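Participant: Keeping their order, the protein sequence lines are chains P and L. For what it's worth, this note's numbering labels the leading residue of the first sequence as 1, then goes sequentially. For what it's worth, this note's numbering labels the leading residue of the second sequence as 281, then goes sequentially.
What the hints contain is simulated information worked out from the structure, not anything from laboratory work. All of these numbers come straight from a predicted model, not from anything done at the bench. Please note that the accuracy of each hint is not assured.
Claimed, not checked - Distance condition first, Cα-Cα at most 30 Å in a straight line; then the derived BS3-like pairs of lysine-lysine:
| # | chain 1 | residue 1 | chain 2 | residue 2 |
| --- | --- | --- | --- | --- |
| 1 | P | LYS53 | P | LYS148 |
| 2 | L | LYS427 | P | LYS200 |
| 3 | P | LYS258 | L | LYS734 |
| 4 | L | LYS420 | P | LYS249 |
| 5 | L | LYS420 | P | LYS258 |
| 6 | P | LYS200 | L | LYS420 |
| 7 | P | LYS258 | L | LYS427 |
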Amino acid sequence: MNTRYYRIIGIIGVTAAALVSVGVAWPFASPPKITWSSAQVYAGITSTTTVTKTVSFTSDQAMQNVRLEAVPEIARFVNIQPGTFASVAKGQLQTVRLTFSAPAGAQFGAYEGTIHLRDGSATTPQTLKTSVTFAVVPLPPDPGEAGKVTLAGIDSDGDGVRDDVERWIALTYPNSARARAALGQYARVQQMFLLQSDDKQSSITNAQNRDRGAFCIYYIFGTDNGIAARRRLQAQYLNTDARSRAFLKGDAQLSGQKFFSPPNNQRQAQCSFDPNTLEN
Amino acid sequence: MNTCKVLGIAAALLVLPWPGRADNCHYGTIFFGNGIWTTQPDATDDQQALSDHVTSRITTKGTALDPNCLTYATAYHQNNSVGDLYESATQLVQQDTSLFWSWLSDMALMPQQLRDYATSQALSLTAAAVSDSEVQQDVKDFQTAAKNGTVVLVSHSQGNFYANESYMKWFGTAAPINPNRTFNIVAVATPAAYVAGGTNDQYTTLFEDFIWNVPTALSWNITNLPTFNCAIPVLCHLFDISYLNGPRTGPRIADQVISFAELGPTIRIDGDPSDWTGITPIIVDPNDGLPRSVNGAFLPGLDILEVSVTNDAVNVYFLIKVVPDSMRTRPEYPFDPLLVIFVDTDLNPLSGCRWNQANGEFGPLVNVGYERVMRVSFRSPPTSFVGTTSPSTVPSCFASPTTFPGALKVASSPGFIEISVPRTAMTTTANSGSFDFFVLGETDSTRQIRYAFK
Chain P
1 MNTRYYRIIG
11 IIGVTAAALV
21 SVGVAWPFAS
31 PPKITWSSAQ
41 VYAGITSTTT
51 VTKTVSFTSD
61 QAMQNVRLEA
71 VPEIARFVNI
81 QPGTFASVAK
91 GQLQTVRLTF
101 SAPAGAQFGA
111 YEGTIHLRDG
121 SATTPQTLKT
131 SVTFAVVPLP
141 PDPGEAGKVT
151 LAGIDSDGDG
161 VRDDVERWIA
171 LTYPNSARAR
181 AALGQYARVQ
191 QMFLLQSDDK
201 QSSITNAQNR
211 DRGAFCIYYI
221 FGTDNGIAAR
231 RRLQAQYLNT
241 DARSRAFLKG
251 DAQLSGQKFF
261 SPPNNQRQAQ
271 CSFDPNTLEN
Chain L
281 MNTCKVLGIA
291 AALLVLPWPG
301 RADNCHYGTI
311 FFGNGIWTTQ
321 PDATDDQQAL
331 SDHVTSRITT
341 KGTALDPNCL
351 TYATAYHQNN
361 SVGDLYESAT
371 QLVQQDTSLF
381 WSWLSDMALM
391 PQQLRDYATS
401 QALSLTAAAV
411 SDSEVQQDVK
421 DFQTAAKNGT
431 VVLVSHSQGN
441 FYANESYMKW
451 FGTAAPINPN
461 RTFNIVAVAT
471 PAAYVAGGTN
481 DQYTTLFEDF
491 IWNVPTALSW
501 NITNLPTFNC
511 AIPVLCHLFD
521 ISYLNGPRTG
531 PRIADQVISF
541 AELGPTIRID
551 GDPSDWTGIT
561 PIIVDPNDGL
571 PRSVNGAFLP
581 GLDILEVSVT
591 NDAVNVYFLI
601 KVVPDSMRTR
611 PEYPFDPLLV
621 IFVDTDLNPL
631 SGCRWNQANG
641 EFGPLVNVGY
651 ERVMRVSFRS
661 PPTSFVGTTS
671 PSTVPSCFAS
681 PTTFPGALKV
691 ASSPGFIEIS
701 VPRTAMTTTA
711 NSGSFDFFVL
721 GETDSTRQIR
731 YAFK
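Model the full assembly from the supplied sequences, consistent with the hints where possible.
Facilitator: Right under this line is the structure:
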């Protein structure tokens, strides 16, 4: 290498140092790395309720004129405050308030997307995964595959109904509180039936209680529609091999048993709730 | 006897059972015995559909049967057909086992490969798969239910093997030796060769169903074609979708259930007299206050107040009310407090045992013969025994009790006793329309009266 070569290298180095010293990103350097305080954020909203979540992030580089944006899939459901930052200092924690609410005309359903930082025309690759479920009642997040790992699954709100099933009920039957209550009653006993399928007496007791749920469903839906709804719910519940086998095991415990039905005029009394107190 | 009492008795003698009573209550239990590919919750679905269907049919036919007097239940048996089907489906569903349960709910959606397997399962059904211990439990449960009325078992598919075995275990034969129709099978889509206790036509199997291809199975005897086509063979075997919903099979099944249910008792012998409401006593015997001591204290001994009688197609029922504090239990008399009902079944005073009514307040009955002498005790639990006597062999009506043709059922509470006796035991070949009877208590008796069957 000759002297001239060393001179060029020296000039580039000095220039780069000068640019860094005045806060100008090196055009050939990697983009800022954003670290979010949580990997993802979830909000279960209804038409009358809003959910507010506070998240924070840091950048490993100083940034100027930064905007926070949600992708179109969820943009209608979330308000981000503040939505812009004149500058983001390197390593400094920035707090953002996300307010989720249902826009007019929105359809019930689960909406998935991300929130990201936009620096000029560039988008930072580290996005905040964001999920919104708009339903008639506040719902827990979709457990996804994690909800299939164990026999019990995930029941994050502790209501006795697996989160995935609770979501299915609410999103499938948004127009009837009675239908949701009846299916919820059935689902709670079904959960007990699966978890206690090793024990014969428990299986029998749970099956008797499950029948009460079935008769409540028949009362709410009518027999034909009730049978269809109950079977759809059962298919949702038995969504893993372990759950299917636990169900079959418990079912085998019932062989030889008799299950008596209430008179038709006492079907309503099989509901663990008072249907008359629910609007629809 | 004072004047009022005479008038009261005379009035009672003229009063027949109250025609205004709702005589449409026939107690019974309708069991649904599930078939192949059915889990317990599915069986409950089918049983509920059956209940709705029978109730609707009762209304459609305009029969007087009160659906609210019928109890429904499921007699569940699992022969692992669903488990086997699940195992064969695991490759098809991969990880999404919900898919299997959706297919089971709607077999029309089931892949052909799985449907073929299901069909092969059904075609290989045999009675050998029946669990003897479960049949024993079934018989116990059916007999318990029979105490409260007639039992109808609607058995579908493999459930017919259990139904037949239950009948055989109960009665010792498949022949229809069940005269009171206590236990009745309505067979649907049966793979069996016969219907225990039934006639040749007491089953329903569709031409469209494949089940009659099971070796030795009864042949098809009905079709819903062309108005109703179940289309897919496995669907044609299903109880609810194909048989209950079929325009011919549905009414046929319901009608068979109804015809058996109508044989159910109109009174339950359960110690609860509420189902006697509306039945006017055939004998009214006001509180005599007899006997009393010289200072007016009541002396124990059964003082009869009222006797009510009714009947249905199978049984005759008595409700006898007494003054509660007239009942006494003496240790040396094992059946105290005791009532005796003397029955002249052939309306012939010259036949049967003789009983001279010496202590009764209505005076003696001279040389009347009784074919049945039913002794019923208020003891808890109440007991009963019946003597069948003949003047030529056993002149005394209180000879040792012998076996009575048919069970006499009794339930009592302080102040009353309910009795059920098979109707066939209260009549003779020559007379099937009425019988004469009187009731004897320890210190009281009624006048002899004639009861005509409704």
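Participant: The structure should be examined with respect to each hint, and the outcome stated for every one.
Facilitator: Cross-check of the supplied hints:
no., hint, result
1, P:LYS53 with P:LYS148, "27 Å, holds"
2, L:LYS427 with P:LYS200, "28 Å, holds"
3, P:LYS258 with L:LYS734, "35 Å, violated"
4, L:LYS420 with P:LYS249, "25 Å, holds"
5, L:LYS420 with P:LYS258, "11 Å, holds"
6, P:LYS200 with L:LYS420, "20 Å, holds"
7, P:LYS258 with L:LYS427, "16 Å, holds"
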